[in-house]
Structure formats: C-alpha cells, structure tokens
Amino acid sequence: MTPPISTPSINWLAISPEIALAAAGVVMVMLRSVLRRRPITMPLCVVVAISGVVAAGAVEYRLWQVVDHHRAISTVAGMVRVDLFGIFLGVVVLGATLMTLLLSVAYLRREGLDAPEYLALVLLSAAGMLAMTTANDLIVVFLALEVLSIPLYVLAAFDRRRLSSQEAGIKYFVLGAFSSAIFLYGVALTYGATGTTSLTGIASFLAHNTLLDQGTLLAGIAFLLVGLGFKVAAVPFHMWTPDVYQGAPTPITAFMSAATKAAGFAALLRVFGVAFPLYRADWRPAVFALAVLSLVVGSVAAVVQTDVKRMLAYSSIAHAGYILIGFQTATSRGREAALLYLFVYSFMTVGAFAVLTVATRRGDDRHSLDDYRGLALERPIVGGLLIFFVLAQAGIPFTGGFIAKLEVFSAAAQAHQYVLLVIGVLAAVVTAYFYLRIAYTVLTPGEETSSAKPLETPRRVDVWSGLVLVACAALVLVVGVVPGVFVHWARDATFLL
Amino acid sequence: MTEFYRQYLSVAVLIGAAALMFGAMLGAGRLLRPNRPQPEKFITYEAGSDPVGGWGQSNVRYYVYALLFVMFDVEAVFIFPWAVNLKSLGVYGLIEMAVFIIVLTLGLVYAWRKGVLRWA
Amino acid sequence: MIAAFTITPSFYLILAAILFSIGAVGLLVRRNVIVMFMCVELMLNAVNLTFVSFAKALNDVGGQVLVFFTLVVAAAEVAVGLGIIVAIFRRRRDATADDLRTLEG
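Chains as they are written, first to last, in our numbering: chain A, 1 to 497; chain B, 1 to 120; chain C, 1 to 105.
Just so you know, these hints were derived from the structure itself, not from any lab.
We treat Cβ as the ideally placed atom computed from N, Cα and C, and that holds for glycine.
Where hints are given, some of them may not hold.
[Unchecked claim] Label-pair ranges, simulated between beta-carbon atoms:
| no. | chain 1 | residue 1 | chain 2 | residue 2 | range |
| --- | --- | --- | --- | --- | --- |
| 1 | B | Val77 | C | Met38 | 19 to 25 Å |
| 2 | A | Phe495 | B | Val103 | 32 to 38 Å |
| 3 | A | Ser6 | B | Ala83 | 15 to 21 Å |
| 4 | B | Ile95 | A | Phe495 | 44 to 50 Å |
| 5 | C | Asn59 | B | Glu3 | 47 to 53 Å |
| 6 | B | Tyr65 | A | Ala58 | 22 to 28 Å |
| 7 | B | Glu3 | A | Asp213 | 43 to 49 Å |
| 8 | B | Thr105 | A | Ser51 | 22 to 28 Å |
| 9 | A | Leu278 | B | Val103 | 39 to 45 Å |
[To be verified] Among the chain C residues that face chain B by a calculated CB cut under 8 Å, a handful are:
| no. | residue |
| --- | --- |
| 10 | Phe11 |
| 11 | Leu71 |
| 12 | Val72 |
| 13 | Val78 |
| 14 | Ala79 |
| 15 | Leu82 |
| 16 | Val86 |
| 17 | Ala87 |
With the rest of the complex left out, here is chain A (with noise of 0.2 Å):
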C-alpha cells in the first residue's frame, strides 16, 4: 500500500576506503574482545591496522585512475563526491595515518601503553577525515568533523600515567566540542539562508536567486569558517593547539598536525570553494585576517618557547597561515599551492615528531630545548634527520618546504595579493629563526653539568619509525629536487567541480 521510498544509488567503490578503515578499526575491537590480552593480539592488531589502511589507499589509487578517466563521482545522493581533489587529500591523509601507525608500534611499546584500542582510534579518525575529503553536504562534513574528532579527544587523553594526556585531552575535548556546535550553527543558518545543506545545492541556489536578506547567510558563513578555522588551527582560534601538541602522545600529535589539517584544509576549500564562490568578496577578507593572524602570532609566539613540541606547534599555525594565504586567493593556482603545501608540510611534520619521538626517552615527557642539546652529536643520524626536517619546514632550497612556500608566494603574487605575499616572507624570516635556534642546540655539546641525560633509553631505532623517518625525509627531498611530478599532481587535483 506504501510505495517504496527511493533509497539512493550507493557506488560502493566511492566510499570503499572509509568503509576499508571503519571495518578494520571494528575487527581490531573484536580481536580485543575475543582475545583479549593475549601476546598475539597487538601484532594481528597492528597487521589489521595497517592492511586496512594499504586496502584504503589501494582503493583511492583505483579512484584516482577511475576518476581521471572520466569524471568526479557524485553517490549516496549528492552526498559524497569523489573528485581528484579528495583523492589527493585523501593519500595525504592515508600517508600520515600509516605514519603514525608505524611510529605507533615501538612507541606504545615503549610506553607500555600496548591497546589495541589506540590503533583502532587512529583508523576511525582518519575514516572519518576520508569522508571529509569527499564531503558533498554540510552535513557528512559535520559528521565527518566529529568521526575525526571524537577518536582524537580520546587518543590525546591516551597516557593515563601523565596528566599533561589528560589534559590535553580535556582541552581538545571542550574547544573541539565548542567549534563543532560552532560549525553546526553555521550549518542551520545556512539552510535556513538557502533551503538545502548540499553544497553544489546552495551554490546553483545563491547562483539562481538574489537573497532579500543577506543577513543569515553571512552569519552562517561566517560560523563555518570559524568552525572550521578552530580545526585548521588558525589564530584567533589556535588556543587549544599548543598545549594539546604538547600534551598528547607524540606519534598522536604528528597525525594530529598532518592529518587533521589536511581534513580540516579539505573541508574549508571544498565548503568555501564549491559552495560559496559567488560570495568571495565578503569571506576573502575573513581569510585574509586569519592568513595574516596565523603567520604573525604563529611564527612569533614560536621564538619564545622552550619546548620543542610547543614550537612546533606554533610553526605549525605559522604553516596554516601559509596555506591560507593560497585558500585566500580563491583561484585554481591558489588551490594549487595550498594542496602542494599541504602535502609536503603533512611529511615534513611527521618527520619531525618521528624524530622526537624517537629521540625522547620513555615516559615522553621531556621536550624542552634543553633536553635536545647535542642530540646531533650523540646520535648523528637522528638529530641530523632533525635539523633536516626543521630546516625543510624553514624553506631551506632543495627541500619540499621551499617548493611548497615558493608555490604559496607565487600563487599570492598571481592574485595581486602583496600584503600577504610580504607578510608571508618577513614570517619566513623570524620562522627560520627559531628553526635555526633548534639546529643549532641539536648541534651544540650540552654541558657535562646538567643533570638531564633524556637520551639514554632506546638507544637504536626500532625499523618501523626508522621507516618513517626515511620515508618522511626522502619524500620531503623528492619534493625539493623534482617538484614538477608533485605540482603536476596538484593542479590535477585543483578542479573542484
């Protein structure tokens, strides 16, 4: 008597690497249930782990050929849209989550944090970046927004023995909760404003029509890029990002700085870029501000730490601000220096907190800059690894950092946009400052005085983090020596619609 609703078309193929990553991060609680603590059960963890990611970024290769060949995929009602864009920040974010999981291994061991639950945490928060990659509506973005933070509060909270975890997890927990419900009411003004919360919806909407009052929509864009704006890390809406980098367990704070980002940057170009385009005039000065905010008290308020991991949180909001100057242009080549750094900054981050990693001793707690001093002497390679990735992160020439900063300036420069293309250098500047500071300390002897010998413990890198400091170094080197593959991939990438 009831006609059969409609249930949409699913592709499967679009949505099989979310799907790849949720089932493995599900199988993995299941092996804890049913084995629970048994010896086996965190190595089948870690090999669940980790094939789940291979299956997902195997899965977004296919995409990639499927989606070059022919056209974006548009499935589950419009809902997700799997276009070379979300492809290209999708492996980002699969590269830096089969990172972290390999950095992962020795680390909990070390740390006798051993659960399998950490890793399926991991993988159900880069499930739910994937979906933000290839978010089509406001609301998968919402919902991927809090697929990839939820497993975030917990995973920052992980050391139970150091209250700085659990703090930073609380702080994660109360400023992600608020920007969420942030993101959320900027979600209702914009239906309100337009009827519909699929982004090619309001665009053809706001293209099609003359909004009497254009009060709402303002107010919900202006909440979106806020909400946004906290997940990216961008100044006024960084407070919460030092002390939860330094807080949370190191690899947590590398995939943290890579992956989310990268999510974050995925959801805030797509929103603004296929959404919102006819109202570029009204959200670019936004941009601006928060590009300008971000280089100035990012690269500033990184001079005067003297932790290494709050540093490089501060260098990592200067890093935003970077990639905001490329959203900020609003063109394809902004896009396209905004993806590329992105993509370089997710390595050269997770290099450098693999190296701190590694080079901490057990109990992760000691980061000061004091604790680093002579790293390069005692340990060559490790601390020369260091004072590689910082230097990279400073644009250092022959390094993707600089490939990836020359791209920014040149797409600013393409858009008339000097202020910020001047800011962004003199912010260059006072950043190699402090990334000098740290190569230098690596390099000087400490003094025989200080009671601080933080080096002892793992004296050898375990293989997996040494894979990852490799992978991470080599690929940061690629990137500086033959850019024109990556920025090739890049542009590819660049078309939204």
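Keeping the supplied structure of chain A fixed, place chains B and C upon it in accordance with the hints.
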C-alpha cells in the same frame, strides 16, 4: 483580537508581574544587605561542607551504565523512522539496519568483555 | 493593538540564538569542566531548535532529519567527554579548568 491571543495576553501579564515581583524582591535585598565579599562565599556550600571529594549520592561506578544507556537510547532515534517505513524500504532497508544494529551490538560485546557490565 | 502579534518562526530562531549565546558565553566564562560541558550541550540543542524552526519555515523535512544526527553526535560527545572527565577525576578529585595548569607556557 481573537480569543486565542487574549489567552496569551494573560500569560504576558503573568510573566510581567512575575518579573516585576522578582526584580523588586532581589533589588530591595541588594539595596538593604551589607556587602562584604570573602573568598569563603564563593565555595559551593557556604555552610562548610567541602564539595570536593564526592559526587553526592551518586557513585562514579554508575557512569559507565549511564553512558551505555545514553548511547543505545539515542541510537534508537534511527530505528524508529526505519520501523515506521519498514515495508516501503524493503529488503535493502532491512539489511542496512541489520548492519547498523550489528555494529552497535559489537560495541556492547566490547563493553561486556571489558567487564564494565559486572558490578565490581 | 496586540492583534498583529503572532508567533512567527523568527521567535524560535531568536530564542535559539539566545540559547546559543548563553551556551557560548557560559563555556568561555565558567571554569568547571562539567558546567562547560553542559554549555556545549546547550549550544547543540540551540542549533537543533534552529534546524527545526527552519525546517518548519521552509516546509522541508530535511532540517528535522538533521536533528537526529546532531542528537546522536551530541550523545557520542557526552560519552567521550564524561569518560575523559572521570579519568581525570579519579586522579584529581576536582574538575576545574583553572587547575589544569600543567601545560601553560
């Protein structure tokens, strides 16, 4: 003015009277009482019982039950609309909901194996 | 004179905006983590009210469906947030944001 709005008028009058009465009482109190701020006045129970160290009648052990209840309770939000449209959604809907409930059940299995359902 | 007085959707929207502001301000000024937590819930429910009012005004059922998702997400947040708070509570016996000072610098 219809009868409907006349009823609301009385509500408005009542709200106004209530606001006035409260304002007058609190305002008079504010004018009359002496004002001597002390740090002790800002603790939860001025009478002296220390609020730190207990959650009143409740026990922290209850919270896992409460949270599990909240989770499963809220997931029912998705099951109700599905149940109403069960026929028109067909087999496809049945499978989807089965997957949903299985995943939820796995969560319960996890909680059970973790031992949170046992009263320690 | 009161004849023109009708309850329009904007009343609900304004109420929701006020609730949202109360939640936001409360979160920023209160120091007790559990109260901050309640403020987040207030904000989310204000958004729910906004969604429902817009759905009614636009005559679109989509907005009401969104509320389901918000509710579920809010519940998940509650679970995780309270879990973290209880974990801290077991160590600290209090839950004020002011006491969380290990990480300032």
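Right, here's what the structure says about each hint:
1. Between Val77/B and Met38/C the CB atoms are about 21 Å apart, so this pair conforms to the stated range of 19 to 25 Å.
2. For the pair Phe495/A and Val103/B, the beta carbons lie near 36 Å from each other, so the given range of 32 to 38 Å is met.
3. At roughly 19 Å, the beta carbons of Ser6/A and Ala83/B sit within the given window of 15 to 21 Å.
4. About 36 Å separates the C-beta atoms of Ile95/B and Phe495/A, a value inconsistent with the hinted range of 44 to 50 Å.
5. In this structure the supplied range 47 to 53 Å is violated for Asn59/C paired with Glu3/B, their Cβ-Cβ distance being about 28 Å.
6. For the pair Tyr65/B and Ala58/A, the supplied restraint of 22 to 28 Å is violated, since their beta-carbon distance comes to about 42 Å.
7. For the pair Glu3/B and Asp213/A, the beta carbons lie near 34 Å from each other, so the given range of 43 to 49 Å is not met.
8. Thr105/B and Ser51/A have their C-beta atoms about 24 Å apart, which keeps the hinted 22 to 28 Å range intact.
9. Look at Leu278/A against Val103/B: about 40 Å separates their beta carbons, and that is inside 39 to 45 Å.
10. About 12 Å separates the beta-carbon of Phe11/C from the nearest beta-carbon of chain B, more than 8 Å, and the hint is not met.
11. Taking 8 Å as the C-beta cut-off, the interface hint given for Leu71/C holds, the closest approach to chain B being about 6 Å.
12. A cut of 8 Å between beta carbons decides the hint on Val72/C: the least distance to chain B is about 5 Å, and the hint holds.
13. Given hint, Val78/C at the interface with chain B, holds; its Cβ is 6 Å from that chain's nearest Cβ, closer than 8 Å.
14. For Ala79/C, the suggested interface contact is upheld, since its CB lies about 4 Å from the closest CB of chain B, less than 8 Å.
15. Interface hint at Leu82/C: satisfied, since its Cβ lies 6 Å from the closest Cβ of chain B, which is below the 8 Å cut-off.
16. The closest approach between the C-beta of Val86/C and any C-beta of chain B is roughly 6 Å, which is under the 8 Å cut-off, so the hint is satisfied.
17. At its closest, the beta carbon of Ala87/C sits 11 Å from a beta carbon of chain B; the interface hint therefore is violated under the 8 Å criterion.
Of the numbered hints given earlier, the model fails hints 4, 5, 6, 7, 10 and 17; all others are met.
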